[in-house]
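We have chain A; now place chain B onto it with these hints.
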Amino acid sequence: MATVATADEKKKGIDWGGGNRPLGGVRYGKLMMWFFLLSDAFTFSALLISYGMIRYSHEGYSYEKTYQVEQYGLNVPTAHVVMENGVAVTKKGEFYFSQKYWPVPEKVFEAVPFLHGKSLPLVFVGIMTFILIMSSVTMVLAVEAGHRRDQRDVEKWMLWTILGGIVFLGSQAWEWTHFIVGTDGGGALRTSGDGRNLGEVIYGAGLSENQYGPTTFANLFFFITGFHGTHVLSGVIINIIIFYNTVMGIYARKNDYEMVEKVGLYWHFVDLVWVFVFTFFYLV
Amino acid sequence: MSNIHETSTGEIPKAKTKQIWKVFWILLGLTALEFVIAFVFPPSMWRVGVFVFLTIVKAFYIVADFMHLGHEVKFLVWSIILPMIFVAWFILAMMVEGDSVFTLRL
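First to last, the protein sequences are chains A and B.
Positions 1 to 284 (my numbering) are the ones given, in order, by the first sequence.
Positions 1001 to 1106 (my numbering) are the ones given, in order, by the second sequence.
Take the hints with a grain of salt, since some may be wrong.
[To be verified] Only pairs whose alpha carbons sit at most 35 Å apart, straight line, appear in this in silico DSBU-like list of lysine-lysine:
{"#": "1", "chain 1": "B", "residue 1": "1074", "chain 2": "B", "residue 2": "1022"}
{"#": "2", "chain 1": "A", "residue 1": "65", "chain 2": "A", "residue 2": "30"}
{"#": "3", "chain 1": "A", "residue 1": "107", "chain 2": "A", "residue 2": "92"}
{"#": "4", "chain 1": "B", "residue 1": "1074", "chain 2": "B", "residue 2": "1014"}
{"#": "5", "chain 1": "A", "residue 1": "91", "chain 2": "B", "residue 2": "1018"}
{"#": "6", "chain 1": "A", "residue 1": "156", "chain 2": "B", "residue 2": "1018"}
{"#": "7", "chain 1": "B", "residue 1": "1014", "chain 2": "A", "residue 2": "254"}
{"#": "8", "chain 1": "A", "residue 1": "262", "chain 2": "A", "residue 2": "118"}
{"#": "9", "chain 1": "A", "residue 1": "107", "chain 2": "A", "residue 2": "118"}
{"#": "10", "chain 1": "B", "residue 1": "1074", "chain 2": "A", "residue 2": "254"}
{"#": "11", "chain 1": "B", "residue 1": "1018", "chain 2": "A", "residue 2": "65"}
{"#": "12", "chain 1": "B", "residue 1": "1074", "chain 2": "A", "residue 2": "262"}
{"#": "13", "chain 1": "A", "residue 1": "30", "chain 2": "B", "residue 2": "1014"}
{"#": "14", "chain 1": "A", "residue 1": "91", "chain 2": "B", "residue 2": "1022"}
{"#": "15", "chain 1": "B", "residue 1": "1016", "chain 2": "A", "residue 2": "262"}
{"#": "16", "chain 1": "B", "residue 1": "1074", "chain 2": "A", "residue 2": "156"}
{"#": "17", "chain 1": "A", "residue 1": "65", "chain 2": "A", "residue 2": "156"}
{"#": "18", "chain 1": "A", "residue 1": "30", "chain 2": "B", "residue 2": "1016"}
{"#": "19", "chain 1": "B", "residue 1": "1016", "chain 2": "A", "residue 2": "254"}
{"#": "20", "chain 1": "A", "residue 1": "65", "chain 2": "A", "residue 2": "107"}
{"#": "21", "chain 1": "B", "residue 1": "1016", "chain 2": "A", "residue 2": "65"}
{"#": "22", "chain 1": "A", "residue 1": "254", "chain 2": "B", "residue 2": "1018"}
{"#": "23", "chain 1": "B", "residue 1": "1014", "chain 2": "A", "residue 2": "118"}
{"#": "24", "chain 1": "A", "residue 1": "118", "chain 2": "A", "residue 2": "100"}
{"#": "25", "chain 1": "B", "residue 1": "1018", "chain 2": "B", "residue 2": "1074"}
{"#": "26", "chain 1": "B", "residue 1": "1074", "chain 2": "B", "residue 2": "1016"}
{"#": "27", "chain 1": "A", "residue 1": "107", "chain 2": "B", "residue 2": "1018"}
{"#": "28", "chain 1": "B", "residue 1": "1014", "chain 2": "A", "residue 2": "65"}
{"#": "29", "chain 1": "A", "residue 1": "30", "chain 2": "A", "residue 2": "254"}
{"#": "30", "chain 1": "A", "residue 1": "156", "chain 2": "A", "residue 2": "262"}
{"#": "31", "chain 1": "B", "residue 1": "1074", "chain 2": "A", "residue 2": "107"}
{"#": "32", "chain 1": "B", "residue 1": "1014", "chain 2": "A", "residue 2": "107"}
{"#": "33", "chain 1": "A", "residue 1": "65", "chain 2": "A", "residue 2": "91"}
{"#": "34", "chain 1": "B", "residue 1": "1022", "chain 2": "A", "residue 2": "30"}
{"#": "35", "chain 1": "B", "residue 1": "1018", "chain 2": "A", "residue 2": "118"}
Because the hints were derived from the structure by calculation, they are not lab data.
The following block holds chain A by itself, in its conformation from the complex:
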């Protein structure tokens, strides 16, 4: 750890105002980025805490059980219904959407662009995860190139990272559209305020009702993936600014690529949050 700052170091802001470097040479900007990320992690945790609480205060669908159907032929095919002690129930393992229980994620997220009507559970979200991990890798490669003061490599990897971010945002836009519009056959039946079955099929999802399950299911989907998507969007914008600065030679003149590292921290954080969203929303 350096104790006395040279004039050169002071100019570059390597040393803090007090003239030394606390925390083993971590520079002020980077430390503040870490603290910002910690506070942002609290915000995301609040959303995940709400999700955990609400998810487990609802009944989860089980393939091992049979469920009573109020009205079949509408959203539940007659062939999937059997009579049990005079009550119409679904056959075991025949999933259908209902507001009574939390849906199984692989039955909700099973659509893939250009493959309309095919059931491909979690394939698209898997592709999205791969894109985000990949863009995280290109970001580390940009940071690594910055350590070597290799401007051309930084430009190349930043561009790949931006591209990955944009593709991810496009995928999410498609996913949201599909989620909002809904499936061809619709899903759960509409209930009145006092819980009566109105005999109408719900198509798609909004904030007041959705075809997949309890109202809060869609609400949490919109809030959690939406908040994450906003982070990806701002990350892409910041990445574009950093890319522009790199191309303009600003970091080469300063001989210091730490800005790439700082924005890299933010981008990895976005990837990190997705890892958690993926587990809690799509797998559990």
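Chain B alone, transformed into the frame defined by chain A:
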């Protein structure tokens, strides 16, 4: 820290990307494993535990290697990790709380 003083007048050193790609394959492998588990095993508390464990392993690799936290000073590492441990407990506690709300509603 010391390499800050190296100027770019000389030749650009070769890229050292072995570790980065190693972490990439670990992340990809763990995600693939999660997919396999999601389709092979029926939902259960045990399965949720495995998912959470694998997620934490992935988070460890992203934070320690990609975000370089593993190479920072201990004080910085703990000031980031310690609050998050409490948050992890909070998430778990509220899941249990939600389950108890569900039981009370029945």
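Hinted pair, alpha-carbon criterion (35 Å max): residue 107/A, residue 118/A. Please report holds or violated. This hinted pair holds, its Cα atoms lying about 12 Å apart.
Does residue 30/A pair with residue 1014/B here, judged by a C-alpha cut-off of 35 Å? Roughly 25 Å between the alpha carbons, so the hint for residue 30/A and residue 1014/B holds.
If you draw a straight line from the CA of residue 107/A to the CA of residue 1018/B, is it 35 Å or shorter? Judged against 35 Å, a Cα distance of about 39 Å means the pair is violated.
Hint check: residue 1074/B vs residue 156/A, CA-CA at most 35 Å. Holds or violated? At roughly 33 Å apart (the allowed maximum being 35 Å), residue 156/A and residue 1074/B satisfy the hint.
Check the hint pairing residue 1074/B with residue 1014/B against an upper bound of 35 Å on the C-alpha distance. With Cα atoms ~29 Å apart, residue 1074/B and residue 1014/B stay inside 35 Å; holds.
Restraint check for residue 1014/B with residue 65/A, where alpha carbons must lie at most 35 Å apart: 60 Å, violated
Holds or violated: residue 1018/B to residue 118/A, with C-alpha atoms at most 35 Å apart: Distance of about 39 Å is beyond 35 Å: violated.
Tell me if the straight-line CA distance from residue 1022/B to residue 30/A falls inside 35 Å. 25 Å, holds
Between residue 30/A and residue 1016/B, does the CA-CA distance stay at or below 35 Å? 22 Å, holds
Verify the proposed pairing of residue 254/A with residue 1018/B, using a straight-line Cα cut of 35 Å. Since the Cα atoms of residue 254/A and residue 1018/B sit roughly 28 Å apart, the hinted pair holds (cutoff 35 Å).
Is residue 156/A close enough to residue 262/A, meaning Cα to Cα at most 35 Å? Roughly 18 Å separates the two Cα atoms, so the pair holds.
Is the hinted pair residue 1074/B and residue 254/A satisfied, with a Cα-Cα distance of at most 35 Å? Holds. Residue 1074/B to residue 254/A sits at ~29 Å (cutoff 35 Å).
Checked against the numbered hints given earlier, this structure breaks hints 2, 5, 8, 11, 14, 17, 21, 23, 27, 28, 31, 32, 35; the rest are met.
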